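Heads up: the protein sequence lines correspond to chains A, B, C and D, in order. Just so we're aligned: the first sequence equals residues 1 to 304 in our numbering. Just so we're aligned: the second sequence equals residues 1 to 304 in our numbering. Just so we're aligned: the third sequence equals residues 1 to 304 in our numbering. Just so we're aligned: the fourth sequence equals residues 1 to 304 in our numbering.
Simulated from the structure, these hints should not be mistaken for lab results. Treat the numbers as computed from the prediction; the structure is a model and nothing was measured. Treat the hints with care, as some may be off.
For identical chains, the list gives no copy identity; a pair is met inside one copy or between any two copies.
Stated by the list, open to error - Here are the computed lysine to aspartate or glutamate pairs in the EDC-like style, where the Cα-Cα straight-line distance is at most 16 Å:
no.: 1; residue 1: K113; residue 2: D51
no.: 2; residue 1: K23; residue 2: D35
no.: 3; residue 1: K113; residue 2: D35
no.: 4; residue 1: K186; residue 2: E245
no.: 5; residue 1: K23; residue 2: E216
no.: 6; residue 1: K23; residue 2: E40
no.: 7; residue 1: K23; residue 2: D51
no.: 8; residue 1: K53; residue 2: D2
So you can see what is in the structure, the chains are spelled out below.
4 protein chains.
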Amino acid sequence: MDLQGKWFFELITSDLILLYRVKSSLYSGKTDFQDVEILETTTFGRSLILDGKTQSTSLDEHIYHEALVHPTMLLHPNPRSVFIGGGGEGATLREVLAHKSVERVAMVDLDSKVVELCRQYLPDHSNGAFDDPRAKVLHQDARQYLTQTQESYDVMILDLVDPLEEGTAYTLYTREFYEIARSRLKPGGTLVTQSGPASLLNHTECFTAIVHTLSEIFSRVCPYTVYVPSFVTPWAFTIAFTDSEPRDYSPKEVDGLIPQRLSKNLRFYDGITHRHMFALPSYLREGIAQERRVVTDNNPVFMV
Amino acid sequence: MDLQGKWFFELITSDLILLYRVKSSLYSGKTDFQDVEILETTTFGRSLILDGKTQSTSLDEHIYHEALVHPTMLLHPNPRSVFIGGGGEGATLREVLAHKSVERVAMVDLDSKVVELCRQYLPDHSNGAFDDPRAKVLHQDARQYLTQTQESYDVMILDLVDPLEEGTAYTLYTREFYEIARSRLKPGGTLVTQSGPASLLNHTECFTAIVHTLSEIFSRVCPYTVYVPSFVTPWAFTIAFTDSEPRDYSPKEVDGLIPQRLSKNLRFYDGITHRHMFALPSYLREGIAQERRVVTDNNPVFMV
Amino acid sequence: MDLQGKWFFELITSDLILLYRVKSSLYSGKTDFQDVEILETTTFGRSLILDGKTQSTSLDEHIYHEALVHPTMLLHPNPRSVFIGGGGEGATLREVLAHKSVERVAMVDLDSKVVELCRQYLPDHSNGAFDDPRAKVLHQDARQYLTQTQESYDVMILDLVDPLEEGTAYTLYTREFYEIARSRLKPGGTLVTQSGPASLLNHTECFTAIVHTLSEIFSRVCPYTVYVPSFVTPWAFTIAFTDSEPRDYSPKEVDGLIPQRLSKNLRFYDGITHRHMFALPSYLREGIAQERRVVTDNNPVFMV
Amino acid sequence: MDLQGKWFFELITSDLILLYRVKSSLYSGKTDFQDVEILETTTFGRSLILDGKTQSTSLDEHIYHEALVHPTMLLHPNPRSVFIGGGGEGATLREVLAHKSVERVAMVDLDSKVVELCRQYLPDHSNGAFDDPRAKVLHQDARQYLTQTQESYDVMILDLVDPLEEGTAYTLYTREFYEIARSRLKPGGTLVTQSGPASLLNHTECFTAIVHTLSEIFSRVCPYTVYVPSFVTPWAFTIAFTDSEPRDYSPKEVDGLIPQRLSKNLRFYDGITHRHMFALPSYLREGIAQERRVVTDNNPVFMV
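All chains, full assembly: derive it from the sequences and hints.
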């Protein structure tokens, strides 16, 4: 095996490193907010890296984005207005717009340069979504936008970068932020947020704290996970809502809803996959049950 | 972050490397059959590595071993005699012996030196199981043993090293071997084999071929997966049987069976975890449905 | 220390790896003869890599090229015609053309694509040398050229890629080749060849064999070494000649010859540096004294 | 090339990493003063690592220690009393005691545990020197010892760990310390200190500042370098003295002095090696000439 050549070092923790081979470097630079790398890799295809963390790759972005978007969208009986926080690649927008009921989407991503780079280098991620007349893209802090807007939404999707100590996104994972978000949800509305890694090794890093914090603000939380190959770990998401009826879709119901509600076929998400994602391994259920931290602006949680 | 120091390089593929920090090296040597490393690591605790591949670690061996053993044991109504192929650490034996119905276990592992090293360096893996009077440990090729023995078994558990091209274990993943194994199963018996990695990236490497091959020999196969942190990928297992009644245990039934049938509490496996493991993500179901390879002695399958 | 990001792996041996940080990848491709990478690095500036081996970098190419060219050029009383074998970057040509006595230079490098890439991405390496009317550049095998040409030369400079087993350059390090080369030297002519790494660790890999082989063909050989930072090892060169008078220049003489014979100032080579390079550490002198291998077409020497 | 297995990461800078293969880890722990690793490696044999930096290896320690000790010892006409600061491996002591004139040696190394570990795991480094009746070993801060002692010495040898910001050894590289040291030198005495790395890449990091600082305190300084394979860079030393006559030994004189003054043969140091080490490449001479920093307790210099 010949390992000579170019590699990307991803520091998973200070004791665990993943190296993956780089074919070529398509873009490398700094925006006003973060470092950006776009790499062509042999294992994952095109890879978007922000501040040294792999965000999405052409191999598996459909797993992440379908898992993020569709469960919460299907939980809502008729999502017409959708808010997306973050989501610079445009793939979350793409999945949202596949729902026939959707009339307008506000996507608020701080970093216009990342959006522009993704449109240029990762065009399949948005696949035309930015040109859909239902979509409005704003480059602003999502918290500031939600504080100021008069709009309210049926579904809110938080596709944010991780809460790193050296970044600013951690203010979008606090009780105060979730209160603001809830206030912009229409009656019967649902919210979902990406919630960090969720293996035996790292689920208490931020996942369980996010779940617990959401449970202080919303009357029902539904955490779930999916394995994303380029993250080399299961990844968590949490749905939260207050006014809707809790439901536990059977695989059959999910498989029935998809063609009824979506204008395209899905590549990953279906009924049995839904069951897989929502049936959590025991250590995650125990970690959530034992969690007592409430994440606040003064006591934020950081990912390693 | 200070990365100075000792690390273990695990080559996942020629394009993907995992590095994990080593505290100390407890043992490093060669047996008659394989290279053995036993490392104390910061992330995974004690780690057993055979021919450069992490086999099990003190952090997460209970996930792997409970997932391997209990579903097939519970599927059988009254497992009294059990065959284990491989399983050098003794942890599979430990889990099997926790079933109150078990009267005798034959564990056949080629490499007596690995068993001895595991008893010395990883005593928690076997936790006294080798001293249980119900257990008989033989150091012999599992295929040869099964060909020659007069014994038959209620449950057969294949806890083998991966089918690497440079090794010999690949002869324990072929149609011919599964025919021999089936012939040693008692009526109503069940068999389970570890089946390799099962992410989007690697599930067709050997997992789907193993499932398809087993389905040629047994009337029912039940593949399932579990994420093992030290493997950084979901890992697959396949249960196969012919004479028993197919059942799909509900979480409640699993949770009821565990205290009834086992003499100890489990750390990982329970009803909802069972549901998680057996509800396969769509790409695995599709990969299995499309698989046409039958693994034979002349056309073996190799893991990278 | 944050190690996240892009790195180049250089395999020095199968047990020793150098990693250096990559800012961006300027070119990555294959020519008819070799793999080429041109990287912008943080430590060494621009780096040219052929078949996975760093050839020269903007940080330190002047050390390598001044050390290769000037000692042999100054040893000759009046070098008018010069042959360069290899030297694709154009930096050897640049140094040769700085000698006022030089009237014509034939540079024979197999790989026209590498020359073109170097002119585009590493323009400082040639610094206009390719446009000098005294220079003639041919893309041909150096051995074939020397076998066929009617020309003869005052100085021959072999700036070749290393003799790797998987490459073809090893035929330019054999007794047969040196015989051909000697036959194309004018009376009083001198030849120099790059001779591989020369630390305690690796000097017998090919350096001592090259010196010994040259000593079978020429009546005098003068090995010397210089530390090249991007190679992380001292590097060897060997001057060989037959008809000239052996001389051992004092530092003062070297310092006097440089301004007299060259049309530019040098950055690295001077009198005391000359003394440093030609006074070999004891293990190199011993390694050379004990060497018995003669490199031939049938018994070539390979670098790891 | 199979890179699977155990490796040691040595961070040379934040942009340059050396990986070398580890066979086994003999010792890994913390003393009161530093982290200690003793590794069996494939490339360098046994390797002593303090605070993540390779200190000496069985492959090449003789290069480092002979280069450190003998030039300054031979410069003195009759060294009877010698002070060693640091030198925990005992190899500096071993070389000093090989001088027939030596009557007493005080070795002052802070860390008794390192000395003990070296005696156990690297017995060839001291090779019995600790049992020589002429040697006295004290475990104390070298600066404190020199401040308090009434003793004075013909030769002082500073074989110290590098001046790292996070360590304490940097106080042994300052003007104030050199003043203390000079006050403990007998008339005609000489001092030598290890002076850090000295390639084009890193010679101004601390080497040139140490030379310049010594030149403020002593009337003559003689810097020299030697390539140490396990450091992958030339390494510097500086001799300083005031009362002796400057001499520039010819290779012949060095070769004559060695058998006259030493009771054993040397493996590395001889007359031509001496010439090689003391003839500095041009960039080092220029770096020294341009250096203006004086290292003081308030303005210490740190190695990366």
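Going through the hints against the structure:
1. K113 with D51: within (14 Å within a copy, 36 Å between copies)
2. K23 with D35: So K23 and D35 pass the 16 Å test across copies only (12 Å; inside, 20 Å).
3. K113 with D35: within (11 Å within a copy, 34 Å between copies)
4. K186 with E245: within (14 Å within a copy, 50 Å between copies)
5. K23 with E216: neither (46 Å within a copy, 41 Å between copies)
6. K23 with E40: Both: 5 Å inside a chain and 15 Å across chains, each within 16 Å.
7. K23 with D51: The answer is between: 14 Å across copies meets 16 Å, while 20 Å in one copy does not.
8. K53 with D2: between (26 Å within a copy, 12 Å between copies)
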